[in-house]
Structure formats: C-alpha cells, structure tokens
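Protein chains: 2
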Amino acid sequence: MNLLLFEEDEIDSRGRVRLRERRADHLRHVLRVRPNTTLRIGVVRGPTGTATVTRVADESVDLEVRLTGEPPPPPDIELILAVPRPKALPRVVQHAAALGTRRIDLVNAWRVEKAYFDSPRLDPDALRYQAWLGCEQGAITWVPEINVHRRLLPFLSQVLGPRLRDAAPPRRLLAHPEAVRFVEEVSTDSFSSVTVVAIGPEGGWIGEELESLVELGFVSVRLGRGLLRTEAAVTSLLAQVELCTRVSGRTRSRGCSSAPGSRIVMS
Amino acid sequence: MNLLLFEEDEIDSRGRVRLRERRADHLRHVLRVRPNTTLRIGVVRGPTGTATVTRVADESVDLEVRLTGEPPPPPDIELILAVPRPKALPRVVQHAAALGTRRIDLVNAWRVEKAYFDSPRLDPDALRYQAWLGCEQGAITWVPEINVHRRLLPFLSQVLGPRLRDAAPPRRLLAHPEAVRFVEEVSTDSFSSVTVVAIGPEGGWIGEELESLVELGFVSVRLGRGLLRTEAAVTSLLAQVELCTRVSGRTRSRGCSSAPGSRIVMS
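Protein chains in written order, with the numbering used here: chain A, 888 to 1154; chain B, 888 to 1154.
Looking at chain A on its own, in the form it has when it is part of the complex:
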C-alpha cells in the first residue's frame, strides 16, 4: 500500500477518518502504525495529502487528514479488454489500475470461454475491490470504473460508438499480433487526448470483431517481439502508450506543434 485511499464521505467535518476492517488491519499489522505515524493519503478521484494517526484501537484506526492541492488529472488511457481467465483477472485489474486507467470495459468475444462469465470475480464489488488495491499499490487516486458487457457488438455500437462520438477524438488502438505497425509508428498527433486501447482474448479477435473495431476507428498495433499473455499484454501496451503520450506532451510543451501524421523518432 503506497497510498491510503478513502472516499470523500469517509472524512468527517473536522477532517477525521475512522478506518475499520481491511485498511485498519493493514495499517496495524503490515505498516505497524502508531499514534503520530504520518501516511500518504488520497481521496478517490480527489486530492492527495497526508494523514496523522491519532489512535490505534483493536478494531479501528483514527486519522487526522490534511489534503493539499488540486486532484491529479484523470488518467488518459481507457481499456477495453476481452474477459481474461478468472485466475488472471484480479492481477490484470490491479496492474491496469496501478498504471493509471480511466475506465475498464470487460467485454465478451468469440474466443472468450463462456464459463468465465460465471466467475464471482466478475461481480462489480469484486472488480472494484481489485481496482482499489491496484490504486493503493500504484499511489493513484483514480479508481477506474469497470463495466462488464456480455455482448460485444451491442457494446461497440450502442455504448462505445456514441461515447467516442461525444468526446474529443481519442486515439484508438487495437492490439493485434499480426499488425504491421508498432504503437510509436501510429500517428501521434492525438496522443494528447485520451487513448482507448482494445485487447482481445489470448486466441485473438475474430475477423468480424476486428472489422467492427476498425469501423469505430481503431488502428491495429503490434506490442513487440513476443506473443504475450493477457496480463503482460495489458501492462506492455499501457506502458508503451504512456511513453508515447509523455513524448507527445513534451513536444507540445516545447512549442513544437505536432503535424498530423507525425511519428516518434530520435532527435
């Protein structure tokens, strides 16, 4: 736990928080806090700050909270992910949250085993818990919203399509082992806004799914040399997109306007 997270409504009017259960247990038994221990804290989707432990009891830990500064900007990556095998799901969600992900849509696909949808790990509370753990690990305050969509094509046409039309045109990337281009070879002029990345099942998307994504403006990219399991594919692509977004942001902030079709190269 690199950042102790809580909801805004857990803070009382005098800036105090009483923690119970998991977080209190972690503070007492893992971090071994005592009165006056100082902790890094964050409010979900809100500001960060510090807290001082005021009391450690058998069933609770009391804190006095000081929030400083503006909330960090929300992460600029959204993830559309074919439901992975249930054993890997908690890790995938944790890593994506720790890397900073604005939203995760878990979707069905032809090559997703139908039995995966019966897993209790897909329950909203279980998903939110894993996202929360990832944020505590990553010291990220943005707990991503996670939704599960049991039918892919209606999700694409009725949910994602309108969302993409409403927002500023986001970069859309589709992980595909047979793609000819790598992430950094895709035109980078809109890495400035949100990047939506779609990662299929380990067996790949089928043709019809690929076509539907391409119709929505998704561009296929290769992740690299190896063929990766879902958890490594998610982490690799998010890390590479984050790098491209940083490079794009630095180029803009230096006053070098990025021409449409520009690429990442070495200066």
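Be aware that one or more of the hints could be misleading.
[To be verified] Below 25 Å or equal to it, Euclidean Cα-Cα: the simulated SDA-like pairs (lysine to any residue) are:
no.: 1; chain 1: A; residue 1: K974; chain 2: B; residue 2: H916
no.: 2; chain 1: B; residue 1: K974; chain 2: A; residue 2: P1007
no.: 3; chain 1: A; residue 1: K974; chain 2: A; residue 2: D1053
no.: 4; chain 1: B; residue 1: K974; chain 2: A; residue 2: P977
no.: 5; chain 1: A; residue 1: K974; chain 2: B; residue 2: A1013
no.: 6; chain 1: B; residue 1: K1001; chain 2: A; residue 2: H916
no.: 7; chain 1: A; residue 1: K1001; chain 2: A; residue 2: V1046
no.: 8; chain 1: A; residue 1: K974; chain 2: B; residue 2: V917
no.: 9; chain 1: B; residue 1: K974; chain 2: A; residue 2: Y1016
no.: 10; chain 1: A; residue 1: K1001; chain 2: B; residue 2: V1030
no.: 11; chain 1: B; residue 1: K1001; chain 2: A; residue 2: M888
no.: 12; chain 1: B; residue 1: K974; chain 2: A; residue 2: R972
no.: 13; chain 1: B; residue 1: K1001; chain 2: B; residue 2: V1035
no.: 14; chain 1: A; residue 1: K1001; chain 2: A; residue 2: Y1016
no.: 15; chain 1: B; residue 1: K974; chain 2: A; residue 2: V1046
no.: 16; chain 1: B; residue 1: K974; chain 2: B; residue 2: R989
no.: 17; chain 1: A; residue 1: K1001; chain 2: A; residue 2: A975
no.: 18; chain 1: B; residue 1: K974; chain 2: A; residue 2: V917
no.: 19; chain 1: A; residue 1: K974; chain 2: B; residue 2: M888
no.: 20; chain 1: A; residue 1: K974; chain 2: B; residue 2: K1001
no.: 21; chain 1: A; residue 1: K974; chain 2: B; residue 2: L1020
no.: 22; chain 1: A; residue 1: K1001; chain 2: B; residue 2: H916
no.: 23; chain 1: A; residue 1: K1001; chain 2: A; residue 2: I1093
no.: 24; chain 1: A; residue 1: K974; chain 2: B; residue 2: R919
no.: 25; chain 1: A; residue 1: K974; chain 2: B; residue 2: V1106
no.: 26; chain 1: B; residue 1: K1001; chain 2: A; residue 2: R1015
no.: 27; chain 1: A; residue 1: K974; chain 2: A; residue 2: D1010
no.: 28; chain 1: A; residue 1: K974; chain 2: B; residue 2: Y1003
no.: 29; chain 1: A; residue 1: K1001; chain 2: B; residue 2: N889
no.: 30; chain 1: A; residue 1: K1001; chain 2: B; residue 2: R915
no.: 31; chain 1: B; residue 1: K974; chain 2: A; residue 2: R1015
Think of the hints as simulated: they come from the structure by calculation, not from any bench.
Starting from the known structure of chain A, fit chain B onto it as the hints suggest.
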C-alpha cells in the same frame, strides 16, 4: 503454446523428434494434434520452422521437422532483478522470457526477504522450466540463462562489472520511482546495443545498492505514473526499452545518425 520448442539434440539425423511427457500431453490434449497437423517450431537459441505430426501414441508424439532460415538474433535486453516474492516469481520469469530477454540475474538486496531464498522456485530446473514456458508463449527461441546470486555486492563487482567491461558498452538502466527521467529521456544513442535493466525489490534499493549500481554506469529511470508490483514493473520497463530500441534502430536505418545525447521526440 505459440511455438513448440526443443533442444537441437532432440532432433535425430533424419530430422525427426519424439516428444514425451509435458509437450506430448499438451499436443494431444490441448492442441489435439493428429497425423499431418502442422506446428510452428523452434530450436532453443536456434532456427525456427515447422513440423508435421507423423504419429500420435499414448505416451509420445512423433514429428518431422523442417527448419528454415537463420536463427533470430538474440534479444537485446538483459535483466537484473531482486528476487521477488516466490508466488510471483514464475509469472515474472515467464513474462520476461516471452518479451524476449537475453539473460536474467536474480539477485539479493537489503529489502529482499531472506526466506525467499529457501523457495524451491529458485531451483535452476524450476527457473529454466518457467523460462521455457514463457518462450513457448512468446514464440521466442531464446530461453534466457538464469542465475541466482545470494550476495549482491560481490555479484556487482566480480560478475557484472567484468561482464560490462568486456562487452560493447551497453545501456544500463535502473528502475527507481524517484528518478527524474523517464526511459525515453535517457540518451538513446546506445539503445542500439544491449540494454541492461536493474529492477529492485518492491520496497526499493537502499542507498548503498543504488550507489554501487550508479558506479557501474546505471542511470535511474522512472517507469511511469504509478508504483508497480515487480511483475508489472518488469513488463513495463522491458516493453518501454523495446520501444526505444525500435525507434533507435529505425532512425539509424534511415541514415539519420544519432548524435550522442539524442532523445526520443516527435518528428
């Protein structure tokens, strides 16, 4: 299994291989091969090709092998990694091998729990097995050599130091959450040769360890926005280095010589 791997000495003089145990079981029960099924194959650190199944028996599968072309070049990334918690170790090794890693040195560090060294997962055969699985997943023929070093400073001075002096000067990166630079901000002129990356325990390297690595020429880099668990840190850094190496290689192949101190930017 995206590539069926075997050792060169498993192929007889007539280009035939008889598989037993795990690989035969996988071919029969997961891939459900039959006579005439064609498979992608690779020889460890050798060429790739295809094989045709000639016989499926209760305890073995026979193949006829056709190797094509030159062996792929070895991966250009080496990993020095503080021994992670044993539960995560198999995944870390698999992901690193699947991404393409030339060599892995698992090292001790002040913040590595001593009990980790008692884990059977650190046995050479167990490590090689996980690396092999990763290569089968990644379709990578380079099974990385993995060594375990129970004392960090003697490893650095007596093993790594001489190795770095003997080879062409490799890029040396050290993952450090407090570093001021990101991977792509480090001078990229030697991403052309091998990159050695060092990733510490989740609690971080201590000062003396950092100093020893810096003395060997390691440059600290931040991975990104979040603080990552070992498996996500390894995957993120390897994926980002691979991207930088690709960009560096493309720049060279276009005839743009990279000046010392050059950086990755957008054109």
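Now for the hints, and whether the structure bears them out:
no., hint, in the structure
1, A:K974 / B:H916, "holds (21 Å)"
2, B:K974 / A:P1007, "holds (22 Å)"
3, A:K974 / A:D1053, "violated (35 Å)"
4, B:K974 / A:P977, "holds (15 Å)"
5, A:K974 / B:A1013, "holds (21 Å)"
6, B:K1001 / A:H916, "holds (20 Å)"
7, A:K1001 / A:V1046, "holds (22 Å)"
8, A:K974 / B:V917, "holds (18 Å)"
9, B:K974 / A:Y1016, "holds (21 Å)"
10, A:K1001 / B:V1030, "violated (34 Å)"
11, B:K1001 / A:M888, "holds (21 Å)"
12, B:K974 / A:R972, "holds (18 Å)"
13, B:K1001 / B:V1035, "holds (13 Å)"
14, A:K1001 / A:Y1016, "holds (23 Å)"
15, B:K974 / A:V1046, "violated (38 Å)"
16, B:K974 / B:R989, "holds (23 Å)"
17, A:K1001 / A:A975, "holds (16 Å)"
18, B:K974 / A:V917, "holds (18 Å)"
19, A:K974 / B:M888, "holds (18 Å)"
20, A:K974 / B:K1001, "violated (28 Å)"
21, A:K974 / B:L1020, "holds (18 Å)"
22, A:K1001 / B:H916, "holds (20 Å)"
23, A:K1001 / A:I1093, "holds (16 Å)"
24, A:K974 / B:R919, "holds (24 Å)"
25, A:K974 / B:V1106, "violated (36 Å)"
26, B:K1001 / A:R1015, "violated (34 Å)"
27, A:K974 / A:D1010, "holds (14 Å)"
28, A:K974 / B:Y1003, "holds (23 Å)"
29, A:K1001 / B:N889, "holds (23 Å)"
30, A:K1001 / B:R915, "holds (23 Å)"
31, B:K974 / A:R1015, "holds (23 Å)"
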